[in-house]
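Letter by letter, the chains look like this.
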Amino acid sequence: GQNIDQPTEMTATEGAIVQINCTYQTSGFNGLFWYQQHAGEAPTFLSYNVLDGLEEKGRFSSFLSRSKGYSYLLLKELQMKDSASYLCAVRDAGGQTGANNLFFGTGTRLTVIP
Amino acid sequence: DTEVTQTPKHLVMGMTNKKSLKCEQHMGHRAMYWYKQKAKKPPELMFVYSYEKLSINESVPSRFSPECPNSSLLNLHLHALQPEDSALYLCASSQVIGDRGWGQYFGPGTRLTVT
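Those protein sequences? They're chains U and S, same order as listed. Mapped onto my numbering, the consecutive letters of the first sequence carry residue numbers 1 to 114. Mapped onto my numbering, the consecutive letters of the second sequence carry residue numbers 1 to 115.
With the rest of the complex left out, here is chain U (with noise of 0.2 Å):
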């Protein structure tokens, strides 16, 4: 089975840093990703990682430790428009189809305040 857990809602100021943490349990494992999905709208792919420790893309960073079955998602200079849900997903390892199934946690609320 699958169980991603994050938390349910957060709060933060513009211009400041916010930190959305994500644990796993999961029967496979073969990367996990971060979504975002502004209300109403499909989610977009913010990062992926693979392998242990920090990938960085401008002002969102993504860290993950397998042996921990944990990630965060790290955002920087927070902006109004960062408010959306922030979604981790866990990739499977596809078995014999090939096809890359994914898992989504609960999702985080995050909302921005000037």
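In short, the hints are calculated from the structure, not lab data. Treat the hints with care, as some may be off.
[Said to hold, decoys possible] Keeping only pairs whose Cα atoms sit at most 25 Å apart, straight-line, the calculated DSS-like set for lysine-lysine is:
no. : chain 1 : residue 1 : chain 2 : residue 2
1   : S       : 41        : U       : 81
2   : S       : 36        : S       : 19
3   : S       : 18        : S       : 53
4   : S       : 9         : S       : 19
5   : S       : 22        : S       : 9
6   : S       : 36        : S       : 22
7   : S       : 18        : S       : 38
8   : S       : 41        : S       : 9
9   : U       : 81        : S       : 40
10  : U       : 81        : S       : 9
11  : U       : 81        : S       : 38
12  : S       : 40        : S       : 9
Following the hints, complete the assembly by docking chain S onto the known chain U.
Here is chain S on its own, set in the frame of chain U:
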């Protein structure tokens, strides 16, 4: 072209209607997916097609019937739905395993309301 398109954007249907959702991508991806997303919940995987063959059916009721006519198209046929089936239906596509890549690309979704 990194876009997944879905039609229609909105659909209202009665419980006795038959309708279809359509999804298209031209990124050469050989895996395509249907997800269902209820308000304030994460997407839930419904179906996975790999090389145009259905590989995963996550215990979805038979009133949902997927079809993959070719590597660019994915349909979801709907029949005799229930009001609780009202949700955002998301299509996604990806490379198959082996691509270090970028996970799944999502379409904008079809917002379905069953009356």
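Checked hints:
| no. | hint | verdict |
| --- | --- | --- |
| 1 | S/41 / U/81 | 20 Å, holds |
| 2 | S/36 / S/19 | 16 Å, holds |
| 3 | S/18 / S/53 | 23 Å, holds |
| 4 | S/9 / S/19 | 13 Å, holds |
| 5 | S/22 / S/9 | 10 Å, holds |
| 6 | S/36 / S/22 | 14 Å, holds |
| 7 | S/18 / S/38 | 21 Å, holds |
| 8 | S/41 / S/9 | 19 Å, holds |
| 9 | U/81 / S/40 | 18 Å, holds |
| 10 | U/81 / S/9 | 23 Å, holds |
| 11 | U/81 / S/38 | 23 Å, holds |
| 12 | S/40 / S/9 | 19 Å, holds |
Checked against the numbered hints above, the structure breaks none of them.
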